[in-house]
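A.B. asks: The lines below spell out each chain.
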Amino acid sequence: MRLRIFFSTLLTALLIVSCGGGNSGTIDGRAAEIYPPGAEKCADSNGRTVTIYSGRTENLINPVLEAFACETGTNVQVRWGASTDLALLINEEGDKTLADVFLSRSPGPVGYLESKGLLGTIGSETLGLVEEQNRSASGKWIGFSGRKRVMVYNTDEYSPEDLPDSVFDLTGEEYRDKVALPATNGSFIDWFTVFMDVHGKDVATKWLEDMVANGAKYYPNNRSIVEAAGRGEISMGLVNHYYNYQIKASEGASHKAENYDFDNDDIGSLLVITAATILDSSENVEASEDLLQYLLSAPVQQYFTDRTFEYPLAAGVQANETLPQLTALEIGSVDFDKLGGGFEEASRIIEASGILNR
Amino acid sequence: MSQIEIRRSSPITLRVIVYGLAFLFSFPGLYLIWRNFTEESDPVGLIKTQRVLAPLWRTFSLALTVSLTAACIGTMLAWFTSRTDMWGNRLWRILLPIPLVFPTFIGAAAFIRTMNPGGLMNRMLDGFGIETVIEMRGFFGAWLVLTLFCYPYVYLPVAARLRQLPQSLEENARVLGQSAFQTFGRVVLPQIGSILAAGSLLVFLYTISDFGAVQLMRYDTLTRSIYTNRLINQPTALALSLLLLLLAAVIVLSERFFSRVTFTSEETFTGDPVIYPLGKWRIPALITVVITLLLSVGAPMLALGDWAADGISRTTRGGSPLTIDRGQVLESTWNTLSVSVVAGIVAVLAVLPIAFLVSRYRSRSGTFAHAVVIATFAVPGLLIALAMRFWILRTDWAFDLLDNTKALLVFSYIVRFGSLAMGIVLVAVAAVPKKLHDVGQTLGTKRTPRFFRIDLPLMAPGMGAAAGLVILSTMKELPITLLISPLGFSTLATRIFSSFEDAFVAEAGIMAVILVLLSFVLTWFLVIRKADHL
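Chains as they are written, first to last, in the numbering used here: chain A, 1089 to 1446; chain B, 31 to 564.
Isolated chain A (complex conformation):
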């Protein structure tokens, strides 16, 4: 009987905790940061709909989509998921897909859809919003934010002076058994593909084999490396820059890890872009183009850099001052177009290196 009362109370508490919130017709919260100041009412419906499959997560992107819906009156529908799984889904769905726009965390899944012939061509007005190297030459996809590769390290064990200038130094004896690699993670594979492109396949393969011989450890993703470095389980690892910002924000002083930026033109500090694309089967091309342009508008790019700690790609927006400076290699010389065919080879080399069993 006492148990029954306990559970009824628990259920009621649960309902009370969950009640409240949920507005419509007006804009609030983080979306309001993007929307022009002073405007409080949303635009009337413009009769358009755009359906998005988003591999970028809801917590980061939804405020942007809410602001877009409010400002333009477009009806926005979203399916959230992992970029790779959504790309596979779109492939199964073919021209019957509900998706008009696909947002990917990295170029890989977009390249896959391009190879299947499922992507439409983006208008030149939209493409012109970013530098040439941050979009596909075929006009099939466009970058809308950047993430930098860095090395996260445990601050109890290392200080920045003791860390190397280049990823090539990590194969040295002083880093034996110290470094973690997220070898099956999409952004690592993307990075390794560029590595192969810039330094040649043999150099890249040799580096990875040397890393394995030097006792590099495998972790499944960036987040688990950043967490492990924060606990002191590992000394350092190659990751995307922004996870450490998020985890530090929520864990505070008990998280003992910082980002380390390699030398300016080292491959270890590459900028990897997130990509947007319009499906060939889309019947809402205009609304889709509007959305892509919105993603590259100044307030949204500002939001990306201030709130999600990413690098803006549209001209005229400065990166948040807490982010490491970008250098020549990062904004200039990498041609993401070339990567299309490289992913499969990169994955094969990664698998053959034996890192996955370390």
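Worth flagging that the hints you see were computed from the coordinates, not collected in a lab. Hints should not be assumed to be uniformly reliable.
[As the list claims (entries may be wrong)] Cβ pair distances, simulated, as ranges:
#: 1; chain 1: A; residue 1: G1404; chain 2: B; residue 2: G518; range: 50 to 56 Å
#: 2; chain 1: A; residue 1: A1131; chain 2: B; residue 2: R356; range: 24 to 30 Å
#: 3; chain 1: A; residue 1: D1244; chain 2: B; residue 2: A84; range: 34 to 40 Å
#: 4; chain 1: B; residue 1: L517; chain 2: A; residue 2: V1291; range: 43 to 49 Å
#: 5; chain 1: A; residue 1: A1403; chain 2: B; residue 2: R356; range: 35 to 41 Å
#: 6; chain 1: B; residue 1: G518; chain 2: A; residue 2: K1184; range: 15 to 21 Å
#: 7; chain 1: B; residue 1: L83; chain 2: A; residue 2: D1290; range: 26 to 32 Å
#: 8; chain 1: B; residue 1: D433; chain 2: A; residue 2: N1352; range: 50 to 56 Å
#: 9; chain 1: A; residue 1: K1294; chain 2: B; residue 2: R356; range: 51 to 57 Å
#: 10; chain 1: A; residue 1: L1414; chain 2: B; residue 2: G518; range: 58 to 64 Å
[To be verified] Calculated lysine to aspartate or glutamate pairs in the DMTMM-like style (CA-CA distance at most 20 Å, straight line):
#: 11; chain 1: A; residue 1: K1184; chain 2: B; residue 2: D156
#: 12; chain 1: B; residue 1: K78; chain 2: A; residue 2: E1297
#: 13; chain 1: B; residue 1: K310; chain 2: B; residue 2: D115
#: 14; chain 1: A; residue 1: K1266; chain 2: B; residue 2: E165
#: 15; chain 1: A; residue 1: K1184; chain 2: B; residue 2: E165
#: 16; chain 1: A; residue 1: K1204; chain 2: B; residue 2: E69
#: 17; chain 1: A; residue 1: K1344; chain 2: B; residue 2: D156
#: 18; chain 1: A; residue 1: K1289; chain 2: A; residue 2: E1433
#: 19; chain 1: A; residue 1: K1336; chain 2: B; residue 2: E69
#: 20; chain 1: A; residue 1: K1344; chain 2: B; residue 2: E165
A quick note: this is a predicted structure, and the numbers were derived from the prediction, not measured. Positions of the beta carbon are idealized from the N, C-alpha and C atoms, including for glycine.
Keeping the supplied structure of chain A fixed, place chain B upon it in accordance with the hints.
C.D. replies: This is chain B only, laid out in the frame that chain A set:
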């Protein structure tokens, strides 16, 4: 036990229904075969390579170890909590199914955060001057986490069965001077054999389908090869998936064969079961239960609760606000609850005809349908989602009717988790004594009233446990929910995923805690109360 079997031919409508169900449940299998064909993959050539044999062996050995351990722990816990005078039994019964509800990707991550070097547990022990160096990873880590999260697949059905066994045999054994443990080994164990086998089979199949835990524990199984190859080398991923399904089919068929030759019919009994005094075993038994709960529920909850508490205190201190609001949480909670309860109930109803055909009529088509339903459990959720999408898009009327609806989502859940209900419902149907049926028939009662008056009340505890298993598993389901749900539909699991992906751990923690509380309440309403009072 020496009854004469009268082989009756099954009603044609029942057979037609079962064929239909078997067809629906075979969607993922047919999809895999078809896609292997269209992608011109080469599963036969692949199987000879070391690249496949090594992960295949790791998958098999992990699944075997996990299922054996889970069988022992699950049975022991079920016996302690439902048949002994152990202290706190009502509470343990509500807590013990909880591990089922942790999505493995966050459950395993939380477990690592508590237990690994530098984790919460380490820091606490360090405070007492104790140093621990056990790192959860590889085979050991995957085995431990999967056992801790999977034992309820055994515990729930075995506990339901234990409460239904006839008193007479056990009382006789006791009168003849057997101890409680001897009685368990000689009298009880043979009677719960088939449900125990069915539960362990589920653990085995779940383990081979799991990706979240093996990935985080860095143990290289077949599913990991499937996931790493899924985009860059589709033919290989598809061929590997087909091999996974074949492995499952072999295991399922051998379990069926083994169960049939080993266990005789087990009849049910209503009334109060025998309760054993534990005596000097009271303390060790209690310690076993508490340690299991501390590891399986306590360790992940410590990390999740810590994240959640940090998040809540951060916002009250005026730090950066949470990225979710109450309206969203309420909506996801309601979605989780409603969709999983519907899936649980429909899943039990869907497997009922198959169970009837198998146990009452010993029909070959029934056995086939049963194997299809169970083996499908080994197919990873992602492939089930893709398969459902694939078939719906190729059938015009189904597309018009089902595309972008919750009905398709529930249908997919049932294909994924129908197996959880199948084994238990089968035993529940088999447990209805034939004598009662014959009496009913002699008294002139027709088939339908007979079903409602005789069968249903006797099967209710088993059906409750079956629905409970499906509900708890659906609540945490991720890949199907992400890919099949109507646009804009979110559950607690999808929001946990979304938050956790980009390291919004406070939000993920809060929603995981809500998910656990919700399952707590549901377990009480649906499993415990039903099983106790019906």
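A.B. asks: For each hint, tell me whether it holds in the structure or not.
C.D. replies: Hint check results:
{"no.": "1", "hint": "A/G1404 - B/G518: 50 to 56 Å", "in the structure": "violated, 34 Å"}
{"no.": "2", "hint": "A/A1131 - B/R356: 24 to 30 Å", "in the structure": "holds, 26 Å"}
{"no.": "3", "hint": "A/D1244 - B/A84: 34 to 40 Å", "in the structure": "holds, 37 Å"}
{"no.": "4", "hint": "B/L517 - A/V1291: 43 to 49 Å", "in the structure": "holds, 46 Å"}
{"no.": "5", "hint": "A/A1403 - B/R356: 35 to 41 Å", "in the structure": "holds, 39 Å"}
{"no.": "6", "hint": "B/G518 - A/K1184: 15 to 21 Å", "in the structure": "holds, 19 Å"}
{"no.": "7", "hint": "B/L83 - A/D1290: 26 to 32 Å", "in the structure": "holds, 29 Å"}
{"no.": "8", "hint": "B/D433 - A/N1352: 50 to 56 Å", "in the structure": "holds, 51 Å"}
{"no.": "9", "hint": "A/K1294 - B/R356: 51 to 57 Å", "in the structure": "holds, 54 Å"}
{"no.": "10", "hint": "A/L1414 - B/G518: 58 to 64 Å", "in the structure": "violated, 36 Å"}
{"no.": "11", "hint": "A/K1184 - B/D156", "in the structure": "violated, 58 Å"}
{"no.": "12", "hint": "B/K78 - A/E1297", "in the structure": "violated, 26 Å"}
{"no.": "13", "hint": "B/K310 - B/D115", "in the structure": "holds, 12 Å"}
{"no.": "14", "hint": "A/K1266 - B/E165", "in the structure": "holds, 16 Å"}
{"no.": "15", "hint": "A/K1184 - B/E165", "in the structure": "violated, 47 Å"}
{"no.": "16", "hint": "A/K1204 - B/E69", "in the structure": "holds, 13 Å"}
{"no.": "17", "hint": "A/K1344 - B/D156", "in the structure": "holds, 17 Å"}
{"no.": "18", "hint": "A/K1289 - A/E1433", "in the structure": "holds, 10 Å"}
{"no.": "19", "hint": "A/K1336 - B/E69", "in the structure": "violated, 45 Å"}
{"no.": "20", "hint": "A/K1344 - B/E165", "in the structure": "holds, 19 Å"}
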